[in-house]
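Following the hints, position chain X with the ligands against chain L.
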Amino acid sequence: MAGAYWCMVEDDRQGAPKKVMAEVLGEASRLAGAAGAQAEAVWVTDKATPEGLKQLGEWGAKRIWLLENAAFAPYRAEVWTPAVAELAGKESPQAIFGPVTTRQREFMARLAARLGAGLSADSTGLAAEGGKLVATRPVYAGKLLSKMTWSKTPWMATLRPNVFRPADPQAGASAAVEKPSVTIPGESMKLVERKQEAATGLPELTEAEIVVSGGRGLKGPENFVILEELAKVIGAAVGASRAAVDAGWRPHRFQIGQTGRTISPKLYLGFGISGAIQHLAGMRTSKVICAINKDPEAPIFKIADYGIVGDLFEVAPLLTQEFKGLLEK
Amino acid sequence: MKILVMIKQVPDTATQVKIGGDGRTIDTTGITWIVSPYDEFAVEEALRIKEKRGQGEVVAVSLGPERGKEALRSCLAMGADRAIHFKDAAWDAADTLMTARALAAVIKQEAPGLALFGRQAIDDDMGAVAAQVAELLGWPCASWIMEEAVDGDGKTIRVGRQVEGGLEIFDLPLPAVASAQKGLNEPRYPTLKGIMGAKKKEIKEVKASDIGMAAEPPVLSVVKLESLPPRPPGRIIQGEPAEAAKELVRALREDAKAI
Ligand SMILES: Cc1cc2nc3c(=O)[nH]c(=O)nc-3n(C[C@H](O)[C@H](O)[C@H](O)COP(=O)(O)OP(=O)(O)OC[C@H]3O[C@@H](n4cnc5c(N)ncnc54)[C@H](O)[C@@H]3O)c2cc1C
Ligand SMILES: Nc1ncnc2c1ncn2[C@@H]1O[C@H](COP(=O)(O)O)[C@@H](O)[C@H]1O
Numbered sequence: 001m002a003g004a005y006w007c008m009v010e011d012d013r014q015g016a017p018k019k020v021m022a023e024v025l026g027e028a029s030r031l032a033g034a035a036g037a038q039a040e041a042v043w044v045t046d047k048a049t050p051e052g053l054k055q056l057g058e059w060g061a062k063r064i065w066l067l068e069n070a071a072f073a074p075y076r077a078e079v080w081t082p083a084v085a086e087l088a089g090k091e092s093p094q095a096i097f098g099p100v101t102t103r104q105r106e107f108m109a110r111l112a113a114r115l116g117a118g119l120s121a122d123s124t125g126l127a128a129e130g131g132k133l134v135a136t137r138p139v140y141a142g143k144l145l146s147k148m149t150w151s152k153t154p155w156m157a158t159l160r161p162n163v164f165r166p167a168d169p170q171a172g173a174s175a176a177v178e179k180p181s182v183t184i185p186g187e188s189m190k191l192v193e194r195k196q197e198a199a200t201g202l203p204e205l206t207e208a209e210i211v212v213s214g215g216r217g218l219k220g221p222e223n224f225v226i227l228e229e230l231a232k233v234i235g236a237a238v239g240a241s242r243a244a245v246d247a248g249w250r251p252h253r254f255q256i257g258q259t260g261r262t263i264s265p266k267l268y269l270g271f272g273i274s275g276a277i278q279h280l281a282g283m284r285t286s287k288v289i290c291a292i293n294k295d296p297e298a299p300i301f302k303i304a305d306y307g308i309v310g311d312l313f314e315v316a317p318l319l320t321q322e323f324k325g326l327l328e329k
Numbered sequence: 330m331k332i333l334v335m336i337k338q339v340p341d342t343a344t345q346v347k348i349g350g351d352g353r354t355i356d357t358t359g360i361t362w363i364v365s366p367y368d369e370f371a372v373e374e375a376l377r378i379k380e381k382r383g384q385g386e387v388v389a390v391s392l393g394p395e396r397g398k399e400a401l402r403s404c405l406a407m408g409a410d411r412a413i414h415f416k417d418a419a420w421d422a423a424d425t426l427m428t429a430r431a432l433a434a435v436i437k438q439e440a441p442g443l444a445l446f447g448r449q450a451i452d453d454d455m456g457a458v459a460a461q462v463a464e465l466l467g468w469p470c471a472s473w474i475m476e477e478a479v480d481g482d483g484k485t486i487r488v489g490r491q492v493e494g495g496l497e498i499f500d501l502p503l504p505a506v507a508s509a510q511k512g513l514n515e516p517r518y519p520t521l522k523g524i525m526g527a528k529k530k531e532i533k534e535v536k537a538s539d540i541g542m543a544a545e546p547p548v549l550s551v552v553k554l555e556s557l558p559p560r561p562p563g564r565i566i567q568g569e570p571a572e573a574a575k576e577l578v579r580a581l582r583e584d585a586k587a588i
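So the sequence lines, in the order shown, correspond to chains L and X.
The first sequence runs contiguously to residue 329 in the working numbering.
The second sequence runs contiguously to residue 588 in the working numbering.
For reference, chain L alone in the conformation it holds in the complex (with noise of 0.2 Å):
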């Protein structure tokens, strides 16, 4: 049989796979598929939970290989790394994949360095061709895609959450469960403290089906109630412009664009915001985009699929109520 694809976990650190596994996942089962081979799992986490396992398990992962020990938290690349490596040396997988977040674009790079492989980050198409693998990703502020392709393997890729299908759940689906022994390393970054920031209620930016976004044509901090209303409404992520953020409106974390976070909701809903193409690097793979903004000019409306022109401070709360009123039906 050939060589496995392997999915890197990413979890809540509660013991749960996040979501977008199901992306990664599904991803893989239908390359792997297509090539009499089985997409796998590989968690490295300091305690994984049996329904977490079943997660996997039903999102397509045949085997996972859990690797699960106290010295894996809180995460740490230097630990993480020669772990995993010395499994794949064992096992020869195929492919590598992992879902874009903070952690596993740092892990990933690092372990394809070790490996000797090639890492194609933040991708959003993989596609077999003649015994090949070609990933897409975007470059140059998302303005052009680039096809690239590996001369060996492990082929490696991070894949942008709310791209790929997700796998339909396989319910009673299970995967066997492998506990490898590998070689624990030492680590040399202690931590120190967590800041975590106070919990929104709303979904984190990055992994959000749906995206309410401001810009400068909010005005001012106090303003951010509006689209927060909104959000809550539709269970959407808050996240704003540069220029919003530079003022100090938002939190960095909250910057979508070039310099900022890039996001791919299946909606994205932009007030107050011109468009400038810095912004919309971190934006224009969103399925739909819907613009909001009162000069008709605005370069936005050339990437919009719907906008209205007008001022955000009175339509935005009668989107709310509209939703409001579709959603409660």
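Calculated from the structure, these hints are not laboratory results.
There's no promise every hint is true.
Unchecked claim - Facing chain L, according to a computed beta carbon distance under 10 Å, are these residues of chain X, among others:
| # | residue |
| --- | --- |
| 1 | Thr344 |
| 2 | Trp473 |
| 3 | Met475 |
| 4 | Leu554 |
Think of the CB as a built atom: it goes at the ideal place given N, C-alpha and C, for glycine as much as any other residue.
For chain X with the ligands alone, coordinates are given in the frame of chain L:
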């Protein structure tokens, strides 16, 4: 303490990029080149560490073609003490791993206390080189740092790294690798004196053979570049705000099935 800062020259974010004749690289005519913005944060931070400690050396390092010297020159104008330019046809098709190997080799030679990088280069947006260099050197690495403080005797660095939902504060023994996230600082503009002074500072050129490297096929290579598929034309919803809002919500639900 000696600090090495890895900087990449990239097209200005507002520049139009066109696909070149080979279909795999961009047409470089008419492009304005800049130091990748995250790398500027790294240069600024290195200068601040040196200023705070009252001693030390900041060395800017870049791998790329001849024009990369301009980028190094602007780091020297900001205040870096000297620069190293990796320039060799052997690196023309360098992928991230090959770049990381070259940078790791010079870091090993120079033996700095700290190697600073940008979070990602904004041309290829890989965000991989810093962690790869750390692995090749066997050093700890803190990615996406928003704050840092080197302790008094230069033995450890305390960093705040950005993760989903917050900041993680770590202590790393030096030498270490760190990559700069936006929010770390506001990079300074070079002063006239800085610009003049930069002309006299050294930019040392390094060839692949100088560090025992040779041309080798990349592990990951570009098959081709493509333009974005055109987006279907959008629709501006007309009408009074109340009507328009109602119609937008209907269209998102029924036509776009986005909610
Ligand atoms: C190196 C570099 C990196 C950058 N990175 C990023 C990045 O990551 N993310 C990012 O967003 N930007 C980035 N920028 C900045 C970018 O170029 C723009 O300056 C920024 O996106 C503008 O933000 P904005 O759209 O909120 O503000 P503006 O461009 O000022 O637009 C405000 C818009 O609000 C509209 N408006 C005002 N009042 C109302 C109202 N009452 N109702 C409706 N509409 C209203 C106006 O018509 C206008 O179109 C970067 C720039 C550089 C040079
Ligand atoms: N050619 C290069 N020369 C010098 N530094 C580089 C080069 N390529 C990448 N880097 C450094 O590595 C960081 C990450 O780059 P990348 O992984 O390509 O996104 C950049 O911000 C730079 O600090």
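So, as I understand it, the hint says Met475(X) touches chain L; can you test that by seeing if any CB pair is closer than 10 Å? 8 Å, holds
So, Trp473(X) near chain L? Judge it on the closest CB pair being under 10 Å. 6 Å, holds
Is the hint on Thr344(X) kept, meaning its closest Cβ partner in chain L is under 10 Å away? At about 9 Å, which falls below the 10 Å cut-off, the nearest Cβ of chain L leaves the hint on Thr344(X) intact, so it holds.
Using Cβ atoms only, decide whether Leu554(X) comes closer than 10 Å to chain L, and label the hint accordingly. It holds, given that the least Cβ distance between Leu554(X) and chain L is near 5 Å, below 10 Å.
The earlier numbered hints are all upheld by this structure, with none contradicted.
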